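Trainee: One-letter residues, chain by chain:
Number of protein chains: 2
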Amino acid sequence: MELLEKRILKDGTVLPGNILKVGSFLNHQLDVDLLDAMGAEFARLYQNQKITKILTIEASGIAIACFAARYFKLDNNCSVPVVFAKKNKTNNVNSDVYSTQIQSFTHGKTYDVIISKQFLNAKDRVLIIDDFLANGCALQGLIKLVQDAGATVVGAGIAIEKGFQNGGQLIRSQGTRLESLAIIESMTENSISFRH
Amino acid sequence: MELLEKRILKDGTVLPGNILKVGSFLNHQLDVDLLDAMGAEFARLYQNQKITKILTIEASGIAIACFAARYFKLDNNCSVPVVFAKKNKTNNVNSDVYSTQIQSFTHGKTYDVIISKQFLNAKDRVLIIDDFLANGCALQGLIKLVQDAGATVVGAGIAIEKGFQNGGQLIRSQGTRLESLAIIESMTENSISFRH
Numbered sequence: 133m134e135l136l137e138k139r140i141l142k143d144g145t146v147l148p149g150n151i152l153k154v155g156s157f158l159n160h161q162l163d164v165d166l167l168d169a170m171g172a173e174f175a176r177l178y179q180n181q182k183i184t185k186i187l188t189i190e191a192s193g194i195a196i197a198c199f200a201a202r203y204f205k206l207d208n209n210c211s212v213p214v215v216f217a218k219k220n221k222t223n224n225v226n227s228d229v230y231s232t233q234i235q236s237f238t239h240g241k242t243y244d245v246i247i248s249k250q251f252l253n254a255k256d257r258v259l260i261i262d263d264f265l266a267n268g269c270a271l272q273g274l275i276k277l278v279q280d281a282g283a284t285v286v287g288a289g290i291a292i293e294k295g296f297q298n299g300g301q302l303i304r305s306q307g308t309r310l311e312s313l314a315i316i317e318s319m320t321e322n323s324i325s326f327r328h
Numbered sequence: 133m134e135l136l137e138k139r140i141l142k143d144g145t146v147l148p149g150n151i152l153k154v155g156s157f158l159n160h161q162l163d164v165d166l167l168d169a170m171g172a173e174f175a176r177l178y179q180n181q182k183i184t185k186i187l188t189i190e191a192s193g194i195a196i197a198c199f200a201a202r203y204f205k206l207d208n209n210c211s212v213p214v215v216f217a218k219k220n221k222t223n224n225v226n227s228d229v230y231s232t233q234i235q236s237f238t239h240g241k242t243y244d245v246i247i248s249k250q251f252l253n254a255k256d257r258v259l260i261i262d263d264f265l266a267n268g269c270a271l272q273g274l275i276k277l278v279q280d281a282g283a284t285v286v287g288a289g290i291a292i293e294k295g296f297q298n299g300g301q302l303i304r305s306q307g308t309r310l311e312s313l314a315i316i317e318s319m320t321e322n323s324i325s326f327r328h
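Protein chains in written order, with our numbering: chain W, 133 to 328; chain F, 133 to 328.
This is chain W alone, in the form it adopts within the complex:
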C-alpha cells in the first residue's frame, strides 16, 4: 500500500535490534485518516469473504481493527464487531476464556492472552488484524484462539510485516491467507526497502 510505505519512509525510524519506530502515526500517536484508509484496503482485499468478526490484540491493533470493521457489514447491515484479545494481568485463567501464551518480540517476555468464550463461536468467520508481524508469535497465538473456538480463520491483515523475519513465511506455509499492507525487505538506520 503506497500510502503506508511512503509514510514509513517519511516518519519511521530504525533503531538497533531491528526495531522500527512508527509511534508518530501507528502505535502511540495515531493518524486516524491513514488508519481509515488502511481499513478500507483490508476490506478491499477481503471482500465477499463473509467475515463475521475482526479479532485483534491490545493495544495497538485496536485502532486499525476498528477502522477496518466499519467496512465489513453483516447481513443486517451492522458493521462486524471487533474483539480484542487481552494480555492477562492476573495469574488465574478461568474456564470462561480461551487462552494461549504469546512471546513478545518487542518486550522480550511471554504473557497469557485471553478471549472471553462468549465472543467467539464456531460459526464465526474471523479476520485477524494486527499492526506488526515479525516472528509471528502473536499471530499464531490469535489463530490458535480462533481454532480453539472452532471458528474459521479467513485470513490475517497486517499493517507492517518485517519480511526479513520468519513470521510471514511461517504463517503462509501453514496455509493461512496473509495480507500485509507493507512488507519490509530490509532496513538499516539509513534506508528501508520494501518487497513488492
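For the record, the hints were derived by calculation from the structure and aren't laboratory data.
Remember, predicted model here, so these are calculated numbers, not experimental data.
Glycine included, every Cβ here is placed at the ideal spot set by N, Cα and C.
Each statement offered as a hint is correct.
Straight-line distance between alpha carbons at most 27 Å, and here's what the computed DSSO-like set of lysine-lysine pairs gives: (1) W:Lys142 - W:Lys153; (2) W:Lys153 - F:Lys255; (3) W:Lys219 - W:Lys276; (4) F:Lys276 - W:Lys153; (5) W:Lys255 - F:Lys142; (6) F:Lys249 - W:Lys153; (7) W:Lys205 - F:Lys153; (8) W:Lys241 - W:Lys276; (9) F:Lys219 - W:Lys153.
These stretches of chain F come out as covered by chain W in the derived footprint (C-beta under 8 Å, 3 or more residues): (10) 162-169; (11) 184-195.
Given chain W, work out where chain F should sit, using these hints.
Mentor: Just chain F, lined up with the frame of chain W:
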C-alpha cells in the same frame, strides 16, 4: 446519550464490588457502530473548541478516541491525531516521556503511565477521552500529563461515569469540563438507573 443508556440496560451486567461489565460492546468486544455514534456525540459536545489532539489511555479508550477523532478536523482538514498513553511495562522512565502514576480501580494496583514528549506540546488543545470514570484517578493522571506538557485541557469525554463514585465531582470541582455520555446514579444486580 439514550443509545448508550439503552445498550447498558440491555447488555450490561452488574457484578459484586460495583463492577459494571460492558465487555460485549465497549471494552472486549466492540460495537463499532455504537462507538462511532459516541464519537459523533463527543464532537457535537465539543464543537468549535479548536481541539488539536485527542488523548486517551490504552487499551479500551483507544477505539472510542479514534472514532471521535474522525469528527474533529484540523485547519488542513485532516482529522486530529489520537495519542494514547501507555502503561509502562519497564521500570525505567526516561527523559523523553511525560509520566505519572495511576491507580486502577478495576485491577487494584498502581502503574506508571507515559506519553512520549514529541506527541504533546504547549500549543495543543486536548480533549481527553476514556471509557469509564469511577474514582477519577486515570483522568486526573491524564490531565497531569497534558499540564506537564504545558498544553490546554479543553475537557474530557467519558463513555460511562459511575455517578455514585467521587471522580466526576472531583474533576468538575477542579474546573475541568467533563461530559459523560451515560452517568449511572445507582446500580444493583437487578437494576441500573441513570442521572439526567
